[in-house]
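Colleague: Residue numbering for the sequence shown follows the numbering used here, starting at 19 and increasing by one per position.
Honestly, I wouldn't trust all of these hints.
[What the hints assert, rightly or not] Here are the simulated DMTMM-like cross-link-like pairs (lysine to aspartate or glutamate), alpha carbons at most 20 Å apart as the crow flies: (1) K81 to E101; (2) K235 to D251; (3) K277 to D241; (4) K304 to D323.
[Said to hold, decoys possible] Just the calculated beta-carbon pair ranges, DEER-fashion: (5) P155 to L194: 27 to 37 Å; (6) T146 to R169: 18 to 28 Å; (7) L332 to P82: 26 to 36 Å; (8) R113 to L86: 36 to 46 Å; (9) T129 to F216: 18 to 28 Å; (10) E148 to K301: 30 to 40 Å.
Just so you know, these hints were derived from the structure itself, not from any lab.
For each residue, glycine too, the CB sits at the ideal point set by N, CA and C.
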Amino acid sequence: MSSSKSGSSGTTGKPAAKAAATGAKAPAGTGGPAKTRGPAKPGGSAKTGSSAKTGGRAKAPAKPESHLAMVRRARRINRELAEVYPYAHPELDFRNPFELLCATVLSAQTTDLRVNQTTPALFAAYPTPEDMAAAVPEEMEELIRPTGFFRAKTKSLLGLSAALRDEFGGEVPGRLDDLVKLPGVGRKTANVVLGNAFGVPGITVDTHFGRLVRRWKWTDEEDPVKVEAVVADIFPKSEWTMLSHRVIFHGRRVCHARKPACGACPIAPLCPSYGEGETDPEKARKLLKYEMGGQPGQRLSPPADYPGKPAPALGAG
Numbered sequence: 019m020s021s022s023k024s025g026s027s028g029t030t031g032k033p034a035a036k037a038a039a040t041g042a043k044a045p046a047g048t049g050g051p052a053k054t055r056g057p058a059k060p061g062g063s064a065k066t067g068s069s070a071k072t073g074g075r076a077k078a079p080a081k082p083e084s085h086l087a088m089v090r091r092a093r094r095i096n097r098e099l100a101e102v103y104p105y106a107h108p109e110l111d112f113r114n115p116f117e118l119l120c121a122t123v124l125s126a127q128t129t130d131l132r133v134n135q136t137t138p139a140l141f142a143a144y145p146t147p148e149d150m151a152a153a154v155p156e157e158m159e160e161l162i163r164p165t166g167f168f169r170a171k172t173k174s175l176l177g178l179s180a181a182l183r184d185e186f187g188g189e190v191p192g193r194l195d196d197l198v199k200l201p202g203v204g205r206k207t208a209n210v211v212l213g214n215a216f217g218v219p220g221i222t223v224d225t226h227f228g229r230l231v232r233r234w235k236w237t238d239e240e241d242p243v244k245v246e247a248v249v250a251d252i253f254p255k256s257e258w259t260m261l262s263h264r265v266i267f268h269g270r271r272v273c274h275a276r277k278p279a280c281g282a283c284p285i286a287p288l289c290p291s292y293g294e295g296e297t298d299p300e301k302a303r304k305l306l307k308y309e310m311g312g313q314p315g316q317r318l319s320p321p322a323d324y325p326g327k328p329a330p331a332l333g334a335g
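Make a model of the complete structure from these sequences and hints.
Modeller: Set out below in structure tokens:
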């Protein structure tokens, strides 16, 4: 697909996606998500690079997208996602930095929903780093068993809690260099905590973020640290945290790994990978998840501006 047709914001007008509605179900009593728009087939994508003839002459192959055009397209995607998901937020329930740190560690290899259903009992039993550091491992394992890999996660939680108690006075540090020294804490977890508990901008490169930025041709890097560095050069630092939320929201709701809902994607005109998934609008709308599909979100206690339904507690259905 040609990137020159859908790329630079200097060469395209408002995408046709702005004019059409996605048709996604709105959660009862909410009025649905704000500014949700439908897709339009990216201009020129069907003919780009083809042997189709115009006036008896074959079209010349499209020129590769320049770096400047890619940056403009990437920033436009971010602006469009900001209108589609004005309520984007971290999808882990937490009340303080310690709870967010623990929840993020637990979120490895499982859903945020399962973590949110598990942490109420965990934090009721161990509300502080001091309490958690003194926990009996077998008892903690039973509490976090639903999140999977519970033995390894218990080891990480006990280790980071002891480090917080012994090295940081029982407080979660607000510096990346300190956070990544804690057991079980890498750059992704550190950036989640910094951006959402301390207001320090950070880019969260999880599986959704990495998948989408490669689909959008911002980078072809696979290593999360390299992806983070590339994206950091595209966007101003003030955008890093919210950009992460918007991209992850879009990856969970629309641009799925195996079957993206291309036909219901509000940024289809800007996507060089349009057509990898379902392009029929009606079929694509059936693939939408969470509030975009009229279903509960992942948080039991979502922010006040979230237009969807709260998730059910563990065992509630």
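Colleague: Taking the numbered hints from earlier one at a time, note which ones the structure violates and give those numbers from smallest to largest.
Modeller: 1, 3, 4, 7 and 10
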